[in-house]
Each structure stands twice: as C-alpha cells, then as structure tokens.
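Got chain A sorted already, so can you dock chain B onto it with the hints?
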Amino acid sequence: MTLYERLLVLDRRWIFLILAIVIVGAIFVPITIPATAAKEVEVIYNTIEELKEGDYILVAMDYDPNAMAELHPMSYTILEQCFRKKLKVITLTLSQNGAGMVDEALKGVADSSTMYARITPKYGTDFVFLGYRPYYALVILSMGQNFRVNFPADYYNTPLDSIPIMKGIQNYDDVKCVISISGGNVADAWVANANGRYNVKVALGTTGVMAADYYPFYQSEQIFGIIGGMKGAAEYEHLAKNPGPAIEAMKIQVFAHIVIIAFIVIGNIGFFMDRRARKRSGGQE
Amino acid sequence: METAWLTLGALLTIFTFSFLYKDNVLYKIAEHLVVGISAGYFVVLLIKTNLWPIMSQRLFVKGDEGWALDQWWYFIPLILGMLMWTRFSKKWSWVSRYPLAFYIGIASGLTIPLELKNRVVEQISASILKFKFDFSATGFLMVPQGAWDTFVIIGVMCCLIYFFFSKEHKGWFGGSAKIGIYTLMIAFGASFGYTVMARISLFIQRIQYLRDWITAITS
Numbered sequence: 142m143t144l145y146e147r148l149l150v151l152d153r154r155w156i157f158l159i160l161a162i163v164i165v166g167a168i169f170v171p172i173t174i175p176a177t178a179a180k181e182v183e184v185i186y187n188t189i190e191e192l193k194e195g196d197y198i199l200v201a202m203d204y205d206p207n208a209m210a211e212l213h214p215m216s217y218t219i220l221e222q223c224f225r226k227k228l229k230v231i232t233l234t235l236s237q238n239g240a241g242m243v244d245e246a247l248k249g250v251a252d253s254s255t256m257y258a259r260i261t262p263k264y265g266t267d268f269v270f271l272g273y274r275p276y277y278a279l280v281i282l283s284m285g286q287n288f289r290v291n292f293p294a295d296y297y298n299t300p301l302d303s304i305p306i307m308k309g310i311q312n313y314d315d316v317k318c319v320i321s322i323s324g325g326n327v328a329d330a331w332v333a334n335a336n337g338r339y340n341v342k343v344a345l346g347t348t349g350v351m352a353a354d355y356y357p358f359y360q361s362e363q364i365f366g367i368i369g370g371m372k373g374a375a376e377y378e379h380l381a382k383n384p385g386p387a388i389e390a391m392k393i394q395v396f397a398h399i400v401i402i403a404f405i406v407i408g409n410i411g412f413f414m415d416r417r418a419r420k421r422s423g424g425q426e
Numbered sequence: 002m003e004t005a006w007l008t009l010g011a012l013l014t015i016f017t018f019s020f021l022y023k024d025n026v027l028y029k030i031a032e033h034l035v036v037g038i039s040a041g042y043f044v045v046l047l048i049k050t051n052l053w054p055i056m057s058q059r060l061f062v063k064g065d066e067g068w069a070l071d072q073w074w075y076f077i078p079l080i081l082g083m084l085m086w087t088r089f090s091k092k093w094s095w096v097s098r099y100p101l102a103f104y105i106g107i108a109s110g111l112t113i114p115l116e117l118k119n120r121v122v123e124q125i126s127a128s129i130l131k132f133k134f135d136f137s138a139t140g141f142l143m144v145p146q147g148a149w150d151t152f153v154i155i156g157v158m159c160c161l162i163y164f165f166f167s168k169e170h171k172g173w174f175g176g177s178a179k180i181g182i183y184t185l186m187i188a189f190g191a192s193f194g195y196t197v198m199a200r201i202s203l204f205i206q207r208i209q210y211l212r213d214w215i216t217a218i219t220s
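Going line by line, the protein sequences match chains A and B. FYI, the numbering for the first sequence is 142 to 426, going by my numbering. FYI, the numbering for the second sequence is 2 to 220, going by my numbering.
The following block holds chain A by itself, in its conformation from the complex (with noise of 0.2 Å):
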C-alpha cells in the first residue's frame, strides 16, 4: 500500500487524537491573536455606546446549554456594556431548556459587574428576566402589542406592573433595539416579526453554524448588526475592552485551524495521487 493510498484509509480516530492534542497544547500557548472588529459587529458596539443612560434595549438570550460555548461570551460582554452604560435591560429567552441557564447567566453578569467595574445592577430596577414562553414566532409577535400578553409576571412569577423597570413600559416602541443571541430558528422570528412587522431595530448574535445563513438580511438592512460565532464574540470582547473565553478560544481556534487546513490539505494530495495512479494503471477513476 503506497503513501497515499494510506492516507485514504486513515482512521479517522488519529484525526481526533491529533486535533485533542494540538487544542489542549494551544492552551498553554501564551500568545496573543490581534482581533480586528468587522463593520457588521462594529455596528451593535456603537449602537449601543451612543445609547443615553436609563434607555431601554431588549436582549432576548435565545439558546439551549449546548450553545452556551459560542453565546455566552456574547451575552455577557453584551450585557456587562449595557450595565456600564447604565441602561435598563429587558431580558427573556425563546429556546425552551434556557431559562435556568439565562437566570444563572444575569446572576452571573450582574456579580462580575460589580466585581470589575463597580457598578451593583439591582434586579427589578436595572434588569429584568421576563423567563421563557413556547411559540417563539407568536410570542415575539404579541410583544409588538404589550410584553404582558404573554408576560403578565417576570421568571419569578412578579406580576410585571408592579417591577419597577416595567412601569409605563408597553411594547417595541418603548425599546431602542432587540439583540437576539441565538442559537437556532428563533432568529428568523425576529426578523420576520419584530423587524418586518413592528419595524424594530434588530441586531443578531448566531452561532458559526448559523452564521453565513444570516448575512443576507444585514445586506439587506434587515438586521443593523450580526456577531457570528466564537469571531464575532472575540471581536466584541475586543471592542468592549473586555477579554474573555472568546478571545483565549481565538487563540487555540488558530492551531485548531492549522491542523485541519493541513490535513485537508493532505487529504486532497492523497485524493489526486491515487487518482492518477488508477488513471496510468488503466483502472477506473
């Protein structure tokens, strides 16, 4: 068996082993990868930075755990600004397995904010979680009317008119712009409801999975901002002044990348090799 020929058959186990290898080495690698922010992540940084305190903006935290590795740095860089700037936030999730993860995550921001940056958001005054309802597209619908359709208490079962954040607030109209952090379908919802029906401003936090499906509608003004996966994330945290798991996952995403670009590489070497030799060997290709 020549080479190439081996190359072919290679189990695939040696691939996995191999990339497990270079991901845990890459972690005590100790250098830095320069982040340049991309216009379309730009966008929400600014949206949000020019924002007066005590303005209200939506983030609806629409993922599962099992995006949380791509999201959650999102969310929380997101968040960690909107408390700097002092705004008030409204936050709820769609996806039907986050709402323990959502509430953990606001305790979790709101403990590192005043850690970090000195800043105490009080629950109820500064932030709310509004929890999760089924029926994404009609939910994000009824919004557009009153939060209290479907939201007639918060997570923790507080009738909404008597948290102090919600008092006076009805609808889209009393919110600057939705950030959806999203890690499925819920994302086009927003887009077609809030955007194309309410006519709000709509900025989008994907996956990478989900990523290059929602470019289209930031080129067509649909959306003003997109943040696309672990990059996208790494690219806030960078303009946020703000380094966490994004940027260090950047980091090891570099040698990750290496290994598959060589052994794709590689693989298409051994792909044509062999189809020539069949090809000088008069066999099939």
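In case anyone wonders, no lab produced these hints; they're calculated from the structure. Model, not experiment: these values are computed from the prediction. Treat the hints with care, as some may be off.
[Unchecked claim] Cross-link-like lysine-lysine pairs, in silico, DSSO-like; alpha carbons within 30 Å at most: (1) Lys180(A) to Lys49(B); (2) Lys131(B) to Lys308(A); (3) Lys118(B) to Lys180(A); (4) Lys308(A) to Lys63(B); (5) Lys342(A) to Lys133(B).
Just chain B, lined up with the frame of chain A:
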C-alpha cells in the same frame, strides 16, 4: 458541593467524548441523561411558568371570596389543547384534527405573508435596488465596492440560471450555470468554514471546562 457538580459535568463530558473512540455504555448513559433531563425540565417549566400562571392569574383569579372565573375565553385554547391528547385513542384520534387545523391555519396565516416579505421581496429588493455601484469606495480585499456589487448581481443571476431546468444547460446558458455552481460553492465554503469554527469552539469550551475542573479539584 460546587466541586461535586463540576466533577459530574467533567465526567459526563469525558463519557460523551468517549464516543469518538467507539460507541460504549458510558456514552449511552450520558446520552440518555441529556434526553431525559431535557424532556423533564421542559415539561416542568411549561407547567410552572405557562400553564399554571394562565390558569391561576387569567382563567381564575383569587379574590377575597376565593377563586372566581375571570377571562373565560382562555377555556378555548385549554379545551383545544386537551383535544390534542385524543391522538392516543384509536377511536377518538380524529378529534385531534380540529385543534391541529386551528394551529396550522393560524400559523400559515401569520407566516406566509411575513416570510414572503422577508425572504422574497426584501431579498430581491436588496439584490437590485440597494446596490450603489460605487467604484470609488474601496471594499473587501481593496477591490472597489462597485465591483463586489456587480459580482453579487452576476452571482445571483447565474445561480438562478443553474436552477432553471426548462432549457438545456448548453452554450452561454450552460456557462452561466457553471458560474452559478461556483458561486454556490463559495457560499457552501463560507458556511463550512463557519461550521468547522463552531464545532471546534464547542470542543475548546469543554477543554476549558475540564481545565477549570482539574484546577478546582487540585487546589
């Protein structure tokens, strides 16, 4: 206690990754736990944060003289929802078609016009009207933005030609279809690149978790 939870998470992570070597009982344990806990969590969450508040704050309201009927019309979705359970009976399963008909009717009525607007009208408009063909402004890779706009228009047209099967793909038509395939390949490549990054991101986060776990149990 926190270390115990961390350890449980770390063990389940290792169990899951063991599938990369080969299917085994530890992976099955982790898989079944995820499915079971997700389903159980969702059911409890729905009852606690949706069904019960609707029944106790809208359908019935607790006043000074006990519970009283308030917004009676919530009985309609409640009854429709209960009718869905008739699917489990061979004799009565036809009844479940009525709530399904309501659901499909409402969903179609809401979705079709909005999807048409967002995915068709807006996208066509963006592919024709929103380009400025500004050749003085520099775009990606230092190429004038106008050239990129032209590239997108040609790409869209060629992709549409590729999916047009009423005429044989020969001559200039076939050449355009080929450009359409290459345009699609660029899109698939971008999507694949993002997907690789996403999968590696998940793995990195788990490795970071395992690192934090080792730090926690050794410190």
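For each hint, the structure was consulted:
1. The suggested pairing of Lys180(A) with Lys49(B) is violated, with an alpha-carbon distance near 42 Å, which exceeds 30 Å.
2. Proximity of Lys131(B) to Lys308(A) is assessed by CA-CA distance (about 40 Å); at most 30 Å being required, the pair is judged violated.
3. Of the supplied pair hints, the one linking Lys118(B) and Lys180(A) holds, its CA atoms being roughly 26 Å apart against a limit of 30 Å.
4. Of the pairs offered as hints, the one joining Lys308(A) and Lys63(B) holds, with about 23 Å between alpha carbons and a cut-off of 30 Å not exceeded.
5. Pair hint Lys342(A) plus Lys133(B) holds up; C-alpha atoms about 23 Å apart against a cutoff of 30 Å.
Hint compliance for this structure: hints 1, 2 are broken, all remaining hints hold.
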